[in-house]
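Protein chains in written order, with the numbering used here: chain E, 164 to 483; chain B, 164 to 483; chain P, 2 to 338; chain V, 2 to 338.
Among the hints, erroneous ones may be present.
Derived pair list, reagent style DSSO-like, types lysine-lysine, alpha-carbon separation capped at 27 Å [stated by the list, open to error]:
| id | chain 1 | residue 1 | chain 2 | residue 2 |
| --- | --- | --- | --- | --- |
| 1 | E | Lys339 | E | Lys368 |
| 2 | E | Lys295 | P | Lys124 |
| 3 | P | Lys55 | B | Lys193 |
| 4 | V | Lys124 | B | Lys295 |
| 5 | E | Lys193 | E | Lys425 |
| 6 | V | Lys55 | E | Lys193 |
| 7 | B | Lys339 | P | Lys55 |
| 8 | E | Lys339 | V | Lys55 |
Far from chain B, some chain P residues (derived; all Cβ distances over 12 Å) [claimed, not checked]:
| id | residue |
| --- | --- |
| 9 | Thr18 |
| 10 | Gly59 |
| 11 | His197 |
| 12 | Gly208 |
| 13 | Lys209 |
| 14 | Thr212 |
| 15 | Gln233 |
| 16 | Ser237 |
| 17 | Ala293 |
| 18 | Tyr296 |
Keep in mind the hints are simulated off the structure, nothing from the lab. Note that CB positions come from ideal geometry on N, CA and C, so glycine has one too.
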Amino acid sequence: MELSSERRIEAYAWMTLTRAFDDAMVAMWKQGRGLGGAFSQRGHEAISVAAGMALGPDDVVAPMHRDLGTYLVRGMTPDRIFGNLLGKVTGPTRGRDANLHGMGDLTLGIIGFVSHIPQALPTTLGVAMSFKLRGERRVALTTVGDGGFTSGGTHETLNMASLYRAPFVLIVEDNKYAYSTPLDQQMRSARFAEKAAAYDIPSVKVDGNDFDAMYAAVFTGIDRAREGGGPTVIEADTMRMLGHAIHDGAEYVPAEMLEAWKARDPVENLRRRLLEEETATDEQLDAVDRTAQLKIQEAIATAVAAPMPDPSTLHEGVYA
Amino acid sequence: MELSSERRIEAYAWMTLTRAFDDAMVAMWKQGRGLGGAFSQRGHEAISVAAGMALGPDDVVAPMHRDLGTYLVRGMTPDRIFGNLLGKVTGPTRGRDANLHGMGDLTLGIIGFVSHIPQALPTTLGVAMSFKLRGERRVALTTVGDGGFTSGGTHETLNMASLYRAPFVLIVEDNKYAYSTPLDQQMRSARFAEKAAAYDIPSVKVDGNDFDAMYAAVFTGIDRAREGGGPTVIEADTMRMLGHAIHDGAEYVPAEMLEAWKARDPVENLRRRLLEEETATDEQLDAVDRTAQLKIQEAIATAVAAPMPDPSTLHEGVYA
Amino acid sequence: MNDNFGFSEAPASGGRTITYLEAISEAIAEEMERDENVLVLGEDVGGEFGGAFKVTRGLAERFGDDRVLNTPIAELGFTGMANGMALMGLRPIVEMQFADFISTAFDSIVQFAASAHYRWGGKIPWVIRAPSDGGIRSGPYHSQNPEAWFVHTPGLKVIAPSTPADAKGLLTAAIRDDNPVIFFEAKPLYRSIRGHVPEGEHVVPIGKAATVREGSDVTIITYGSMVHVAGQAADSVPDVGVRILDLRTLKPLDTEAIFEAASATGKVLVMHAANRNTGVGAEVAALIAEEAFEYLDGPIVRIGGQDTPVPFSPPLEDTYRPSVDIVAEAIKTLAAY
Amino acid sequence: MNDNFGFSEAPASGGRTITYLEAISEAIAEEMERDENVLVLGEDVGGEFGGAFKVTRGLAERFGDDRVLNTPIAELGFTGMANGMALMGLRPIVEMQFADFISTAFDSIVQFAASAHYRWGGKIPWVIRAPSDGGIRSGPYHSQNPEAWFVHTPGLKVIAPSTPADAKGLLTAAIRDDNPVIFFEAKPLYRSIRGHVPEGEHVVPIGKAATVREGSDVTIITYGSMVHVAGQAADSVPDVGVRILDLRTLKPLDTEAIFEAASATGKVLVMHAANRNTGVGAEVAALIAEEAFEYLDGPIVRIGGQDTPVPFSPPLEDTYRPSVDIVAEAIKTLAAY
Ligand SMILES: Cc1ncc(C[n+]2csc(CCOP(=O)(O)OP(=O)(O)O)c2C)c(N)n1
Ligand SMILES: Cc1ncc(C[n+]2csc(CCOP(=O)(O)OP(=O)(O)O)c2C)c(N)n1
Ligand SMILES: [Mg+2]
Ligand SMILES: [Mg+2]
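Here chain E stands alone, though its shape is the one from the complex (with noise of 0.2 Å):
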């Protein structure tokens, strides 16, 4: 289905906030005015902003922790995720759990994000399963890593996703590493669109730094899904262009493969792309750019500000 312009002008400008937010936090956690560690999604802006803007209202989300735009547009701000960042009260985890770690809010239809790899699978099918059981016509998307892919989880999760024919859908994001290990390290081959036909599950490979494309690929699933179509796999062909966390330098990635796909970023891509086809000029995209700046400034500001949590809270919350 087409995006109308002014979507497209605001996918731009959620891309580029996530892309600010991710720069200015890859620059404090440099300066050591981070707290404990960090993961940049830089050149995932494409596939977790179209993830964000392709689910609706009421449909529910699991991202991962390079899925930072999904988050963004799905409403969490910027100065929240920065308070979680910095262990502040103000985080979705009220100090309790890391980095982009736990980011739930059910308000927002966002699942909070384990660590243990694959545990956001099993958990959204059965987000799904609840829409299912109850004929609501609601999706529960949730998304991969090419590392994660090789779990036990994400087998048992894909068979029974399409055994129930659950309203699911999967986003592999073929980043080309886990931690330090490459693909190739990983398994033989790397076409995760093919793996999902042992499952009979439709699936489909996209440029993963290509908004449009992505954006495509993810509504077509999610209208699946409503429609009683049953899961779908979309494989995000991708490049993690950082390490894998921002004490990690990645000497172990070739600098050749950073230069072919820095002419493919995601930003990049769609700025490009609305202006050649006029649909937005630089002038207003630099005003975009300006703005994400700023915000991202405030939010910092006031994650900053924002207080510890208290001591005396510690047992708080431990059981419902």
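Based on the hints, put chains B, P and V with the ligands in the right spot on chain E.
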């Protein structure tokens, strides 16, 4: 490759012995002369005997709970197996593990079975990897049920077996049920051989009740592994002819389904063929049957007469 | 004897008496009737089959296949699926075919369900039913008592009833609880004991232990099938006044009741069928040694499964497992201390 | 301070001193040199990268990729693979990227490896290296201390060294041991403490605790990073004679040393960073309350992680985790009892 007449008559003898063991066990347990539970393998004789015979003397196998024939062919005597079933000190687990569980004997190249599905798979992969890393021309083989195929460890094992090109052979015993659960409640499609493509593993579907076909398929897989060609998946099409365990009446299995499969009995199959081809005479095969009955009766007598473990040995062997 | 695995029958104190297993089935059916969010899932639980122990038999017919869901063999996956269902307000009752297989679902329980609420407020109102315990010649893989793994894990609740009435009342409470609750059923009790269970709704609060026998000489603190073994042992030493505290809930522990029971006699025996080493009994003994030290008149004796896998053969399993004789001996020794 | 996470540096008692991490790397390299059956496997352990903590850096270059095997993200599978390798006489050293992820491999450890020898004589001579413990702002999923799950499980051995010398000596012993051994490395100690380690072969026997501080008033029984916290607490109350027993091996426990340490002062404080509830400290306290009761002059005090997940934010984690001040207070209270 062609199997000699002698070897095929030997195969008939092993299948008959397996069937005789199974019949006697079922009878004993129904009469309340057993201990704990027991699993009948009726209908799986061609698979387990073919696996046992196709393996080389230095190869290693991890049979599962219905692969009685494999134990016998590898040289585990019926009296030891009955000893295990009866909790006797003469069983390979010396009364520690139940029924066919834990019946490992590395002098026979057999890995003990673990109840937890699919533990046999990664373990067998590790055995195969030890052969590869040491440059030994040996192969490791194991089996998994249709039910076990949906378990996460199966996915992890197949992915690594392919990645490392391990000398690993997996037989999928598709006997149409996992306990009471039919195939169509386990997965959308049960085309196991095709699922192997997701791991880039060569595979074949075989009539699991046809000894000659099974032997050829297993031999081919073992040969490929031995020659450095990596893993193979063999889908064996068969049927569980009795309940999941002896206490299970299996009322959930349609009578006509059992009828149809009765006509495909693996032992009868081979006997008929040996006679038609005039590879053997009725008298010869009747003699083989009588010998099997005799061996089993002797084995039971030996096992029944054997002592129970001494309680004072409880703590022996917790550590090596 | 052989039929009830050596467990004493709970006295039928008037009214109808039902088995431990019937009590569990009843609780599930009544809660499914009461709340359409309650559903059952697991291996072989559906259809006419109704599970390895037939606990869920008849439910599919009554409530439909959607609410009695057969799963593939994928404990990690279907327990994770239950996590997601629970987050959306469903109340899944997950059956582990045997408690032994709960280890296969470990991450979905200890890493996701246990901490979701603490980390971000995600409520996980499921119950895992786990048929546990041995003594019935089922070997190392169908006899385990793994409760200690989960009592050690923050965020879970753990229950282990010893009677039909508690089984029904605590399972009902567990289903209504907004937290992940692991419900350990003592499978040797399934058909071996009958007991009085009130008709209709019956709720037993989570976190409350029960004094099931009064006595002033020695206190036995235990739970599950061992409550019956403790009772038989106490019967066998009539000259010793034995007080028995049935913990019923293992997490959170009823520490008040534990300290009261300990101080009441000053002599404490803690026992369970699970491996003694770093078991729940260790926690109970350690709590008493710290909080009720002044009241102790003797060493805190612990009896539990030996530090070996659960062996299959009767002479070995009977040595592995706490017996009436061993407990009776320990009672006498403590009383004489 | 910030750099060594508040841990005191072990005195460099002459000779060369190396870090806790260097000691571990050295043990692995020397054993790989000595025995061609020893190999390393896990996520990111291979190539030039050498693991998340760089413990295996340089090994691939030196011993080849076949002996330093990178695995996919599949803890259940690659630990199961290690079981099979070990059955064939290889001695895999399996690295869990963080101890927290050991739960993903649970079945391969507690259901296969732990009981294979007991059930049928299958030897599993592997070592799992698990970087555990917190205090370094890593949050609920990179700070866990899961040792109790494995101490409760029959058939495993569990080790938790507190110094570079013990780290090298016990890891060497673990690699040579014919049983599955889980080796919990206290990652806050990796680069924060240095200590004297003998050149060349250095073996510390499994199952032996060490008295690391003499004192006659109060005994602290602990292990891992908490040995250093206990030492600092003892330093802060110079007027109390504090004896410290470093367990070093958690399974099998050195019960003799525990009873001796307890009776030496009659006042015992058991502590660890792991969750207190049903932790290893509960077993130690319970053993003392049963076997050394006559020698006790006061309650057995237990200090451990709170019954919550390990929180990320400093004010919360510092409250979750045993601190020097809390321990010092407890020492004073016990001494005054
Ligand atoms: C069960 C488990 N093992 C190990 C880890 C540690 N870990 C965190 S992220 C990661 C790599 C994930 O790679 P991939 O799935 O490709 O996602 P990416 O980081 O590339 O986006 C690993 C090994 C984990 N989180 N869970
Ligand atoms: C992890 C795990 N869950 C449950 C079980 C209980 N169980 C034992 S056999 C079985 C059915 C296995 O079916 P399949 O793999 O098809 O083998 P079959 O029995 O049909 O030969 C089940 C559910 C188990 N052994 N392991
Ligand atoms: Mg990746
Ligand atoms: Mg089957």
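Structure-based check of each hint:
1. Restraint check for lysine 339/E and lysine 368/E: satisfied, since their Cα atoms lie roughly 14 Å apart, inside the 27 Å limit.
2. A hinted pair counts as satisfied when its Cα atoms are at most 27 Å apart, and lysine 295/E with lysine 124/P qualifies at roughly 20 Å.
3. Note on lysine 55/P and lysine 193/B: the hinted pairing holds, with a Cα-Cα distance of about 20 Å set against a maximum of 27 Å.
4. Using a Cα cut-off of 27 Å, the hinted pair lysine 124/V and lysine 295/B holds, with the two alpha carbons roughly 20 Å apart.
5. Taking the CA atoms of lysine 193/E and lysine 425/E, the gap is near 21 Å; set against the 27 Å cutoff, the hint holds.
6. The suggested pairing of lysine 55/V with lysine 193/E holds, with an alpha-carbon distance near 20 Å, which does not exceed 27 Å.
7. For the given pair, lysine 339/B sits about 22 Å from lysine 55/P by alpha-carbon distance, which is consistent with the 27 Å threshold.
8. Pair hint lysine 339/E plus lysine 55/V holds up; C-alpha atoms about 22 Å apart against a cutoff of 27 Å.
9. With a minimum CB-CB distance of about 26 Å to chain B, threonine 18/P clears the 12 Å threshold, and the non-interface call stands.
10. Under the 12 Å C-beta cut-off, the non-interface status given to glycine 59/P relative to chain B holds; the minimum distance is some 14 Å.
11. The non-interface label for histidine 197/P is consistent with chain B: the shortest C-beta to C-beta separation is roughly 30 Å, beyond 12 Å.
12. Chain B leaves glycine 208/P outside its interface by the beta-carbon criterion, the shortest separation being 32 Å against a cut-off of 12 Å.
13. The claim that lysine 209/P lies off the interface holds: its Cβ sits roughly 35 Å from the closest Cβ of chain B, which is beyond the 12 Å cut-off.
14. The Cβ of threonine 212/P lies farther than 12 Å from every Cβ of chain B, with a closest approach of about 34 Å, so its non-interface assignment holds.
15. Every CB of chain B lies more than 12 Å from the CB of glutamine 233/P, the least distance being 20 Å, so the non-interface label holds.
16. Distance check for serine 237/P against chain B: the nearest CB is about 21 Å away, which clears 12 Å, and the non-interface claim stands.
17. Non-interface call for alanine 293/P relative to chain B: holds, since the shortest CB-CB distance, roughly 32 Å, exceeds 12 Å.
18. Every beta carbon of chain B lies more than 12 Å from that of tyrosine 296/P, the smallest distance being close to 35 Å; the non-interface claim holds.
Checked against the numbered hints listed earlier, the structure breaks none of them; every hint is satisfied.
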